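Given next are the chains, with one letter for each unit.
4 protein chains.
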Amino acid sequence: MNFNYTQKSIELQQKLTSFIDEHIVPIEQEHLDFQSDSKNLWKRFPKIEELKQKAKEAGLWNLFLPKEYGELSPGLTNLEYAPLAEIMGKKIWISEIFNCSAPDTGNMEVLAKYGNEAQKKEWLTPLLNGEIRSAFLMTEPQVASSDATNIETSIVLEGDEYVINGRKWWSSGGLDSLCKVAIVMGKTDVSKPRHLQQSMVLVPMNSKGLKILRPLTVFGFLDSPEGHAEIVLENVRVPKENIIFGEGKGFEIAQGRLGPGRIHHCMRLVGMAQYALELMCQRTLERETFGKKFYEYSSIRQEIAKAQCNIEQARLLTLSAADKMDKFGNKEAKDIIAMIKIVAPNMAQKVIDSAMQILGGKGVSQDTYLAHYFAIARMLRLADGPDEVHMYQLGKSCIQKYSNL
Amino acid sequence: MNFNYTQKSIELQQKLTSFIDEHIVPIEQEHLDFQSDSKNLWKRFPKIEELKQKAKEAGLWNLFLPKEYGELSPGLTNLEYAPLAEIMGKKIWISEIFNCSAPDTGNMEVLAKYGNEAQKKEWLTPLLNGEIRSAFLMTEPQVASSDATNIETSIVLEGDEYVINGRKWWSSGGLDSLCKVAIVMGKTDVSKPRHLQQSMVLVPMNSKGLKILRPLTVFGFLDSPEGHAEIVLENVRVPKENIIFGEGKGFEIAQGRLGPGRIHHCMRLVGMAQYALELMCQRTLERETFGKKFYEYSSIRQEIAKAQCNIEQARLLTLSAADKMDKFGNKEAKDIIAMIKIVAPNMAQKVIDSAMQILGGKGVSQDTYLAHYFAIARMLRLADGPDEVHMYQLGKSCIQKYSNL
Amino acid sequence: MNFNYTQKSIELQQKLTSFIDEHIVPIEQEHLDFQSDSKNLWKRFPKIEELKQKAKEAGLWNLFLPKEYGELSPGLTNLEYAPLAEIMGKKIWISEIFNCSAPDTGNMEVLAKYGNEAQKKEWLTPLLNGEIRSAFLMTEPQVASSDATNIETSIVLEGDEYVINGRKWWSSGGLDSLCKVAIVMGKTDVSKPRHLQQSMVLVPMNSKGLKILRPLTVFGFLDSPEGHAEIVLENVRVPKENIIFGEGKGFEIAQGRLGPGRIHHCMRLVGMAQYALELMCQRTLERETFGKKFYEYSSIRQEIAKAQCNIEQARLLTLSAADKMDKFGNKEAKDIIAMIKIVAPNMAQKVIDSAMQILGGKGVSQDTYLAHYFAIARMLRLADGPDEVHMYQLGKSCIQKYSNL
Amino acid sequence: MNFNYTQKSIELQQKLTSFIDEHIVPIEQEHLDFQSDSKNLWKRFPKIEELKQKAKEAGLWNLFLPKEYGELSPGLTNLEYAPLAEIMGKKIWISEIFNCSAPDTGNMEVLAKYGNEAQKKEWLTPLLNGEIRSAFLMTEPQVASSDATNIETSIVLEGDEYVINGRKWWSSGGLDSLCKVAIVMGKTDVSKPRHLQQSMVLVPMNSKGLKILRPLTVFGFLDSPEGHAEIVLENVRVPKENIIFGEGKGFEIAQGRLGPGRIHHCMRLVGMAQYALELMCQRTLERETFGKKFYEYSSIRQEIAKAQCNIEQARLLTLSAADKMDKFGNKEAKDIIAMIKIVAPNMAQKVIDSAMQILGGKGVSQDTYLAHYFAIARMLRLADGPDEVHMYQLGKSCIQKYSNL
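Top line first, the protein sequences correspond to chains A, B, C and D.
Going by numbering that gives the first Met the number 0, 339 is the number at position 340 of the first sequence; the sequence numbering is gapless.
Going by numbering that gives the first Met the number 0, 160 is the number at position 161 of the second sequence; the sequence numbering is gapless.
Going by numbering that gives the first Met the number 0, 234 is the number at position 235 of the third sequence; the sequence numbering is gapless.
Going by numbering that gives the first Met the number 0, 115 is the number at position 116 of the fourth sequence; the sequence numbering is gapless.
If you're looking for bench data, these hints aren't it; they were derived computationally from the structure.
Fair warning: this is a prediction, and the values are worked out from it, not measured in the lab.
Even glycine gets a Cβ: it sits at the ideal position worked out from N, Cα and C.
One or more of the hints may lead you astray.
[To be verified] Not the full set, but computed from the structure, chain C residues with beta-carbon under 7 Å of chain A:
1. 296
2. 297
3. 298
4. 301
Work the whole structure out from these sequences, hints included.
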């Protein structure tokens, strides 16, 4: 047992931090202003492409991608990637610069692991190169999608084509002008056992019958330029080769996809909370009321102390989960993955809320990333499974472990 | 002691509810769609004016206005008004229909209580008629405005005019096209004792030198069409007659303004929480996971039970505060007013958060009012004094009461 | 609606307070010392009987007893009794002085309402006179007794006698030397519908076959001299006349018993929390750390402010429940009774915990009543139904109310 | 970074667990019965001495003692000792069997590190051998002892003797019949700078003038046979050689003593919480209400899931603190030590409270260790510094770290 980062990890952290200090910090205010100006809705921040190029050149590219899949990545373990994801999480918009954004990361892993050569060539390569982006169409408005067996979208083989009908929402990234392909989860055969009915198919975003109904808001955020799309699929036809890994494999792929993806989210959430902590610490020096600086108030120190305790605990739990996944695989690590899914977004929501309180009006406005991070953290208590589902399963697993159930 | 509403109060509640059922419920979806369409930014919902007219005819007008000030109102006590504010709070956008919106209500009370005849004629009358709206310019970006003595805007008498310089933000309603006048808090004489330096002046929104810099967002919401403005005042000149109640009276007026205004906010927050409770109850019937309807889950019932307990307690506390204000005045009621300021927004934030969790993605999106209400509740933990300031003062008062401090 | 106590209520509160100031405050330290000396285990505090006599003479006797049952009481409504119960709750050991202790109060109500004349003469009269005390034998160690249908004790008619077999625990008061009779809940006929199987019988404590196995501790408290008994009933025989209200009426009686009893508990809990609040306020003046008096710390003021908010809300909720019970009966008031059952003990536990933290070592020791009150509050989150059962039922009821379930 | 225990650590854990399974589990009920029988007050459990002998023979002795001090110990690092402390924490009474009980462990470390040869020979050797026990007299009833500069006990040199006067309380272990010596903290010179006034002297428990006034209770528990003593020191005289490390070194020694001691406490708290978790898991299989087994209730699973998340996080945080202390020393680790001081007892209190709720009446009674563990956890939120003091300092340190304060 050893709680120090390895030399390799420390060096990568420093490299990433230097890149950010040199190339990103100087234009951060520019980005904040761009984002909060409604004239720029659905436009991509102009400097992103040039920064992507620089990151690629610096070897800070596809950092998330495990060794076994990637020549285009440094081939990090989850444990090595985790602190980098945390650093990117502090400035959430920059993940894309390093080609480490959701849902692309998960989609690339799916294609790398389950895709055939043709699929890889057509979609994985441009994704790995950062030339296109992608969407993941799973959640549906009409059913509780936290139980994946509820999904109703149908994928029916007719001749050489799959015909897809259904309605999806919360398809994050679906509104991005670079988004060219979606992985769609649906049911190919409802007569099969519950966990063998689902399949995933690749659907180009410009397919006939695929219609973006509207962007959804998270609190009031549209999350431009990616957005969260509500999409209708009406008799969308794709070649039968677009099935991923075969019919009935949808549930299995989904399970495999969620583990590492969640580690990424959780480390980013740790980074967002860390951002909030640093902001509130700085604020305590700037303001005073009733003749005292904020930092002199014991109640403010308590908020900060609690935040630090909670961040550090969530960080350790997530790193421990990463280590377990690396060593024993996602299945063996399922309980601790459930734990971080429960802990990280709740922790981040609480810490950011505290920071908002100390920053006052500034904290809820567009003048910091706090309000946006709050919305992300809140959303992540629901996205790929609400807290309650994870607690339901973790509780059961725990009872089994300590009893003879 | 008696916990039943009076007959008069019940009748008014029924009348208001009937009006809403008849005139507002049928167009609610239309309003939700209007609001969430970015094309309509800064536009007023077209049917508002006609609904205001209907409400006026029905005698549901200026409900907030106490007997002593108002011919144009039913002249209710705080205790009588409270359940009506709760009802309006369930559909927050409709307060304006009954001319009961902040910050107009507080501004009308200030003018009714402290304004001279000319001020009343010019500004109070059109406000009471719902012909114009108004803003309250107090909070400043550079200082912790929760301590009103920090305020830096200067109001300097030069000849027959006051010259105003300063920067204000969170001027709610300031972007509304109907907003014609602002009450501005600033300092007329920094050589006076701390609580006698402040004054309030009336400043027409079209004054030269008054510039709206930008709308602020609250968790991504612009709160169109009212908005929250950041405003700069550069050598703005108003006639010296525009001073309200005399120089050095700013702090006193502010104190008087906050009490009842907060009762209004708190009852609206109770209404918003009640809306969230009803929504989540209904949702439990619609959804199922893992073979069980939501309402069968004990954890979901717990959330609902806790929400109900917290709503009912906050409701009683706010009603009790209203009763105390009616009987003994704002000063005598200051401790219980501090209590509701602490309790109501925190309660509402928690209940709405629970509802979001049960509604899932729908709960954070534009498809219900939940996310917007969350933002309002969160903001109200800061607006006219953060939780911490109220706890600081209430704690001190409590210690004095039970000891010999 | 009116939040002021009536003149009658205020007078009674003053009378009770005067009695306490005159007769009880001077001997409080003596009682605290008596209680915490292990030599006095199971001994009754010697001055109790003389104080009972004084209270009876002062008309402060059987205050809990509703008008319809009592000549030996002032005949108060629940709403009138509530503030008196709160006052007694601040010094929990004194309830007995006014013949207002659990479980006697509930037992007297059962006998007054459901007992026949012979039962009343034999047991109710001496209870009303404070000559004897009583126990209520419901909870069983082997089953989850929060679901009363789980109870296993058998009550079998054999000739002219009922033969009782079973094991009970948490029979509060069972170890008191004055405890002469128990009301025992058991099943007379398991072939009946679930809620008609139970009956209640009167069992003298000196019955052959009734054996007190041991006193139970609550945290480390034995709660001498009353105690919480674990009792075995082995072929205990009582005349068939000892059945209360008839066979199969046990569940119905239990339901009727719980409502008002809980109001008593809840108001006492409000009193205990109020005691804790006052203690912590006083403490803030006595202590200092790092150069500051405790009352100057904003974090301490926050604890006090939150405590006050929570106490006042729970007080209002309990008073509102009392009012509802008086006006509409226990059945109609069941939801708000569930609410106070959930709210009051949790509130008291939290407030007392805060007070302990401010009092430090003294707060957990025998030098104040805090630790004992904490244990009582904690126990009351379980006694006659854990929080979870009330939330389960309240949640269901709420869902039914706001949906079409 | 690596989250697996080392082979050495795993072997020690297995060895300790085997010892417990073989020698302690079979007599656990006997111990529980012995403890809860008031006849045995202040008696030592008869089998302790024989178990100590067995543990010594098995090499499971003085496990806490670092390599540099101990021949009589396996010489473990904090990180290696931590999981053993957790295992002992699950059955708190057994720490003494392995000579790992507070306050002896801290006292032995003080003597090993700061004692001279004569002091070591007279007191450290028998302590290391488990022949005697010891007390640590620091806290005083009259002042807030969390600020050590408040301490008032005087230690005055008169000729060849120190004369000690003062009153101490919460001297844990002071009532144990084996307790032969106390380390007393007091002031030797109030004219020195604030942190150089304090000194520590060794005082035999049978010194003339040292009088145990009474045992203190913790939530009703006397914690026999060790107890928590209130002690008066009246002109107690000890040879001047009894000073530890020299006059004015008291504060420095205290600082050094607290770090590792707290790691021990925190790991024991993790163990206590783990015990509670396992107990509640088992309980969910035994009980049913309203036709469902406890483990089927989603609310119960949530409690268990949350408990597991919180335990695992506190465990990792404490292990990380141990690692930091081993590598960089107590001073460098002060922030993370403050974190575990805040986190561990609060976590344990919460988890044990949840377990009590699921176990019902049994959970608060003497039938499990839960209530006792609750009292310990609650007490540890106060002992050597309340939560608030640690948050005050941690908050300050955090602000300094992320700002230029």
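Results for each hint:
1. Checking residue 296 of chain C against chain A: minimum C-beta separation of about 4 Å stays under 7 Å; hint holds.
2. Given the 7 Å rule on beta carbons, the hint for residue 297 of chain C holds: about 4 Å separates it from the nearest Cβ of chain A.
3. Contact between residue 298 of chain C and chain A, as hinted, is supported at the beta carbon level, the nearest pair being about 4 Å apart and thus within 7 Å.
4. A hinted interface residue such as residue 301 of chain C counts as satisfied when its beta carbon comes closer than 7 Å to some beta carbon of chain A; here the least separation is about 5 Å, so the hint holds.
Violated hints: none; the structure is consistent with every hint.
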